[in-house]
Amino acid sequence: MSEPGSGIPGGREGSSGSSSPEATIVLSSRASVSRNLSNYKFPASCSTEEKNHIINTIKNYARRTRGLSEFCFLRLSGMTKIRRQVLLGDYQIDEDFISNILGRGILLIPRHSVMEMATAVLLCWDDHIKIQSAAPHRAIGAVYSKVSEIEKLLESKLNFSFSKEWGYLTSNPAELGTALEISLLVHLPALSITPDIAEFIKNLSKVGCAVSGYDGRNAEVTGNIFRISSSRTLGKSEEEIVEEMNAICLNIVDEEEDARTRLLEKDMLGARDNVYRSYGLLKYASILSFEEALELLSILRLGLELGIIDNIKDFDYFEIINMIGDSHIISGYEMGEDATDDDIDLKRAEFIRDRILED
Amino acid sequence: MTCDFCKKNIATIHLIRVQNDNVEKVNICSECARDFSFFSEEDFYKDLSNILAKIFQSDQDTTMLNRVQKSLVDLDVKNNKSCPFCGTDLKKIKKLGKMGCPHCYNEFRRILLPIIKTIHQDIEYRGKIPGTVPRQVKLEKSISDLRNRLKKEIFVENFEEAARIRDEIKQLEKNIYE
Numbered sequence: 001m002s003e004p005g006s007g008i009p010g011g012r013e014g015s016s017g018s019s020s021p022e023a024t025i026v027l028s029s030r031a032s033v034s035r036n037l038s039n040y041k042f043p044a045s046c047s048t049e050e051k052n053h054i055i056n057t058i059k060n061y062a063r064r065t066r067g068l069s070e071f072c073f074l075r076l077s078g079m080t081k082i083r084r085q086v087l088l089g090d091y092q093i094d095e096d097f098i099s100n101i102l103g104r105g106i107l108l109i110p111r112h113s114v115m116e117m118a119t120a121v122l123l124c125w126d127d128h129i130k131i132q133s134a135a136p137h138r139a140i141g142a143v144y145s146k147v148s149e150i151e152k153l154l155e156s157k158l159n160f161s162f163s164k165e166w167g168y169l170t171s172n173p174a175e176l177g178t179a180l181e182i183s184l185l186v187h188l189p190a191l192s193i194t195p196d197i198a199e200f201i202k203n204l205s206k207v208g209c210a211v212s213g214y215d216g217r218n219a220e221v222t223g224n225i226f227r228i229s230s231s232r233t234l235g236k237s238e239e240e241i242v243e244e245m246n247a248i249c250l251n252i253v254d255e256e257e258d259a260r261t262r263l264l265e266k267d268m269l270g271a272r273d274n275v276y277r278s279y280g281l282l283k284y285a286s287i288l289s290f291e292e293a294l295e296l297l298s299i300l301r302l303g304l305e306l307g308i309i310d311n312i313k314d315f316d317y318f319e320i321i322n323m324i325g326d327s328h329i330i331s332g333y334e335m336g337e338d339a340t341d342d343d344i345d346l347k348r349a350e351f352i353r354d355r356i357l358e359d
Numbered sequence: 001m002t003c004d005f006c007k008k009n010i011a012t013i014h015l016i017r018v019q020n021d022n023v024e025k026v027n028i029c030s031e032c033a034r035d036f037s038f039f040s041e042e043d044f045y046k047d048l049s050n051i052l053a054k055i056f057q058s059d060q061d062t063t064m065l066n067r068v069q070k071s072l073v074d075l076d077v078k079n080n081k082s083c084p085f086c087g088t089d090l091k092k093i094k095k096l097g098k099m100g101c102p103h104c105y106n107e108f109r110r111i112l113l114p115i116i117k118t119i120h121q122d123i124e125y126r127g128k129i130p131g132t133v134p135r136q137v138k139l140e141k142s143i144s145d146l147r148n149r150l151k152k153e154i155f156v157e158n159f160e161e162a163a164r165i166r167d168e169i170k171q172l173e174k175n176i177y178e
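Chains A and B, in that order, give the protein sequences.
First residue of the first sequence: 1, per the working numbering; consecutive thereafter.
First residue of the second sequence: 1, per the working numbering; consecutive thereafter.
For the record, the hints were derived by calculation from the structure and aren't laboratory data.
Hints are all accurate, no fakes.
As a list, the in silico DSBU-like pairs of lysine-lysine whose alpha-carbon atoms are at most 35 angstroms apart:
(1) 117(B) to 164(A)
(2) 91(B) to 59(A)
(3) 128(B) to 152(B)
(4) 128(B) to 117(B)
(5) 95(B) to 152(A)
(6) 92(B) to 152(A)
(7) 164(A) to 91(B)
(8) 128(B) to 152(A)
(9) 170(B) to 138(B)
(10) 91(B) to 78(B)
(11) 81(B) to 94(B)
(12) 170(B) to 152(B)
(13) 94(B) to 117(B)
(14) 138(B) to 152(A)
(15) 157(A) to 81(A)
(16) 7(B) to 202(A)
(17) 174(B) to 157(A)
(18) 91(B) to 141(B)
(19) 117(B) to 157(A)
(20) 170(B) to 141(B)
(21) 7(B) to 266(A)
(22) 202(A) to 117(B)
(23) 164(A) to 128(B)
(24) 95(B) to 202(A)
(25) 59(A) to 164(A)
(26) 202(A) to 92(B)
(27) 91(B) to 202(A)
(28) 92(B) to 81(A)
(29) 157(A) to 138(B)
(30) 151(B) to 202(A)
(31) 128(B) to 174(B)
(32) 138(B) to 81(B)
(33) 81(A) to 94(B)
(34) 170(B) to 164(A)
(35) 59(A) to 138(B)
(36) 164(A) to 138(B)
(37) 117(B) to 174(B)
(38) 81(B) to 91(B)
(39) 174(B) to 152(B)
Input sequences plus hints: build the corresponding full structure.
Right, here's the structure in full:
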C-alpha cells in the first residue's frame, strides 16, 4: 500500500481517525533535511553580517520562486521571547534553534490549528537551510513529501553543496549524506510502567534510532512521551529511511498495544486506581505545572483507551499538550510579562478543566 | 499471516528488525515460539522486547549517540592544518564537532574517512542527486548503485536478475562516453 501521490511505500497513513488506538500512540511525525549553499562557510564559522547576507539571499530566492509564495519570513531577533517560544511548539522546532537569535531566520507557512501540517525552513542554524515539516499522528510519507517538494523548489535556484562520494555536505559529519531525519513523537503510557521499557529503548538504538524525551534532548521523559529519530544518513536512500521508520513506527504501536492488553489482564485494579487519582487531581487542583499536567493527561488518555473512565470529554492528547505550554498560556490569555508561575499554572488548570470535564 | 517456521499455524508474534539497509520480518506462532529453548512461556507473554533482543542478538553494543561522540574524540590533530577556504583547523573541528565549510570535507578527506565510517557504519552514499549535478555524475552514480545491486543478486544466487543488471550497466557505461 502506498500513500496516494507520494510514491512512498509504507502503509496507509492518517486514515484511521484521531481516536483510533494508533492515533493515541503516534502523536506526531516530523521530517527534515539540511542543505548548505556551496561556496559559503557553515553558519557556525560566519559572522552575524555574513549570516544575514546568506539569509537575505535565500529569502529573496524564495520570494521570487513560484510555489514558495505562501511562506512568510521572520527574523528571530525581531520577535518577542514568547512569540519565539510559541513558534517552537507550533512548528516542532528543537529548542536549540532559539539559543542564539542573532543571524537566524525562519520561513514558514502560516497555519490555523494545531492539527494542520506545520512546515518551516530554518535559516542559519547548524546549516544554512533546514527544511522541516511536522504533522499529527502517523504521517511520515506525507511530511517527507512536503519537505522534498520544497527542497526541489529551492534547489532549482540555489546551488547546494553536494559531493558525489558523501552526498549533501552538512556542518555535522553525523548528518552527512541524505541529511534526512525522520522523527516520531510517541505516547507509551503502558509500556513505560513496565520494566521492559529500558530494553525497548536499547533495541531502538540497535536499529539505528535515537531516543529522547519530549523536548528533543536527552532529558527525563515527561508524560510518557518519547521522541524517536532516525539517525543514519549514509548507506540508505531517502525512500528506505522513510519505509524503515514506518515499519519501526508500526512495531512500536504493536508493542504499546500489547503492553496495554497485559496491563488490563494483570493489574486492572492498579490501572483503575491510577486513572481515577489522575482524574481527581485534574478536577480539583488549583494550579498545575506543565510537567504535572502532561503526566496526568497521559494517564487519563490511557484510561479512556482502556475503557476505565468515560465521564470525561474525549480529547486529543497531542492537540492539548500543544496548547498548555507556558508560552501558549501566556499568549492565549494575553497575560503580561510580569505573569508569575502561579498565575500561569492557575490558568493552565482552568483551561484543562474546561477541555476535559463534562459540563 | 502464517508462521515462518511451521508454515501452518497463524503467527501471533510479528517482529521487525531494521539494520543498515535490511528490514527483516519474522512471524511466529505461539507453538513454534515455545520450541525455541531460550524463551519460557512466561517470557513469551511478559517481555516482547526481550524476545526481540534474544532472536536478533546484535553484535553492536554502542548506541548511535555514543558512536558520534567517541569518534570525534578520535580525530587525529597531530599534523594540524587549516582549510584554505574558511580557515577552520582540525583542532577547531575536533572541539566543536562541526566542520567549517563544505570544502573542509575535501581538504580533510583522508583524516575524516575513518571517523565518518565509524559514525555511519557505512560510507556509501545512496540518496538522491541534485538536479543541478552534471549528467555524467548522475550516470556514474547510477552505475555504482547498480554494481552494488549486482553484488547482492550474485550473493543470493539470483543469476537471472544479475545478468539483467550487468547488461544495464554496460548500456549506461556506453552512454557516459557518447
